[in-house]
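Read off the chains here:
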Amino acid sequence: MEIVVGISDMRITNRPNQILVTHSLGSCLGLMVFDPSSGVGGLIHCLLPVAREAREGKTLNPCMYVNTGVPHMIKSMFAKGAKRERLVIKAAGCGRMMNVSNSFDTGAANLAALQKLLDHNHLRLSGSDVGGSIPRTVRFHIDSGRVVISSCGKSWEI
Amino acid sequence: MKRQEIIAKALAVPQMPMPVQKIMSIINDPDATMMQLARFIEYEPGLTVNLLRMANSAFFGGHGMVTTVKDAIMRLGMQRVYQMVLASGVAPFAKYEIKGYGLPPGQLLEHSAALAVASEHLAGELGLTPPPHTFTSGLLVNIGKVVLGAFLAVDAEPIMELAYSQGIPFEKAERAVLGIDHGELGALLLEHWKLPDPIVYVVRHRLAPDAAPVRDLALDLVHAGDVIAKMTGVGLGYDGMHYAPSETVFARLGLTAEHMERVMESSIEHFSEIRDILLGTE
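In order, the protein sequences belong to chains A and B. If you use the UniProt record's numbering, the first sequence corresponds to residues 1 to 158, in order. If you use the UniProt record's numbering, the second sequence corresponds to residues 1 to 282, in order.
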């Protein structure tokens with residue numbers, strides 16, 4: 001069964017029959033985290049790298065930002081039985097417009113925010129498919145931890 | 001199929017729906033009264049529903065329910081009503097599946113709604129007053145893709161291959177393969193439908209605003225709004241983000257990365273509302 005994860009959203013599951021899917025990865029980060037031992041998997045689709053101050057008393061959605069969403073998801077996975085030392089982490093998305101200057105490259109900023117978090121926590125990526133100007137859809141198979149990217153009528157695994 | 005054949009076939013595409021044409025002629029008539037406009041809209045159940053949904057939406061309207069066409073026009077103002085009528089006329093075209101460009105039904109409408117919302121939010125973020133046709137132009141800039149991908153069933157694969165293998169923007173590859181890009185084709189179609197020149201101008205030049213003969217704020221806003229919408233990923237087809245943004249436009253608008261991020265945030269909150277209003281149109 002496919003469970004769709006929207007923009008600025010996340011899903012955690014330990015049901016092996018579920019496939020977490022996210023469409024529309026442009027410059028957004030799609031992060032898939034899996035603990036093969038407990039079978040707990042999580043997918044988050046972050047729009048922006050860093051949460052700036054809340055506006056007009058609005059509560060920020062933590063999943064919208066890499067720096068708040070990723071720790072939020074991993075903590076929630078721990079609560080479901082995942083263990084830090086077993087995590088398999090894969091990233092997708094972080095694309096960019098052609099020839100865009102660094103300051104407007106949100107995809108690169110999203111990836112940098114993720115890298116900073118991982119470094120700080122001594123974690124590393126096991127696989128990634130990031131950058132470029134292609135759109136991406138991700139299917140994260142919870143039965144095996146397989147991550148399949150599809151784009152422009154083709155698909156591949158990371 | 002090449003340029004002339006594509007243009008000839010595109011212009012044979014169905015006309016704008018008749019009620020939309022009638023209502024537009026009232027809106028464009030300086031002597032027409034609001035009561036006349038309200039009466040015409042009331043004859044069209046689809047438009048009435050859309051107008052009420054729009055007036056009661058967070059993006060366009062305000063607090064308190066509006067239940068009559070007259071009250072909705074009062075709340076929204078003539079300009080917004082004009083935008084809604086036009087958008088309602090064109091939305092059905094954007095709901096098609098655009099197979100050649102890898103867009104399932106409704107996806108292009110999602111992208112167009114995100115783009116239109118981003119263009120307007122961007123103006124607000126920059127403290128600018130968007131020209132009245134900004135939102136409508138944003139909704140219409142992809143109409144050429146509907147014509148190419150849905151009506152003419154153009155296969156985007158050779159275009160895509162050329163664009164990605166040569167590292168050239170998608171619209172340049174379209175011109176190389178088809179002799180025309182979806183921006184120009186959309187502009188020709190809208191011209192044929194007798195849409196106002198300022199809208200046609202934005203649609204014609206939004207992919208390459210640096211080459212536009214005259215500087216135009218709506219064009220700048222829609223160009224940057226398009227970039228922002230593409231980065232959010234909403235409704236992307238095979239062409240993805242394979243377009244080159246104009247740094248000149250960014251500089252002219254005084255756009256910063258922080259502005260861009262804020263507009264991405266706020267657009268995501270509102271675009272689905274606009275999409276839902278337009279999807280109510282049949």
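For the record, the hints were derived by calculation from the structure and aren't laboratory data. Any given hint could be a false lead.
Claimed, not checked - Label pairs and their in silico Cβ distance ranges:
#, chain 1, residue 1, chain 2, residue 2, range
1, B, ASP210, A, PRO36, 47 to 53 angstroms
2, A, ASN14, B, ARG215, 55 to 61 angstroms
3, A, ASN61, B, PRO104, 25 to 31 angstroms
4, B, GLY127, A, SER76, 36 to 42 angstroms
5, A, ARG52, B, THR68, 38 to 44 angstroms
Unchecked claim - Below 25 angstroms or equal to it, Euclidean Cα-Cα: the simulated PhoX-like pairs (lysine-lysine) are:
#, chain 1, residue 1, chain 2, residue 2
6, B, LYS22, B, LYS95
7, B, LYS95, B, LYS9
8, A, LYS75, A, LYS116
9, B, LYS172, A, LYS154
10, A, LYS154, B, LYS99
11, B, LYS172, B, LYS22
Glycine residues also receive a C-beta, built at the ideal position from the N, C-alpha and C atoms.
Status of each hint after checking the structure:
1. B:ASP210 with A:PRO36: 47 to 53 angstroms: This hint holds: roughly 51 angstroms between Cβ atoms.
2. A:ASN14 with B:ARG215: 55 to 61 angstroms: 57 angstroms, holds
3. A:ASN61 with B:PRO104: 25 to 31 angstroms: 26 angstroms, holds
4. B:GLY127 with A:SER76: 36 to 42 angstroms: 39 angstroms, holds
5. A:ARG52 with B:THR68: 38 to 44 angstroms: 41 angstroms, holds
6. B:LYS22 with B:LYS95: 23 angstroms, holds
7. B:LYS95 with B:LYS9: 20 angstroms, holds
8. A:LYS75 with A:LYS116: 17 angstroms, holds
9. B:LYS172 with A:LYS154: Holds. LYS172 (chain B) to LYS154 (chain A) sits at ~23 angstroms (cutoff 25 angstroms).
10. A:LYS154 with B:LYS99: With a Cα-Cα distance of about 15 angstroms, the restraint between LYS154 (chain A) and LYS99 (chain B) holds, given a limit of 25 angstroms.
11. B:LYS172 with B:LYS22: 37 angstroms, violated
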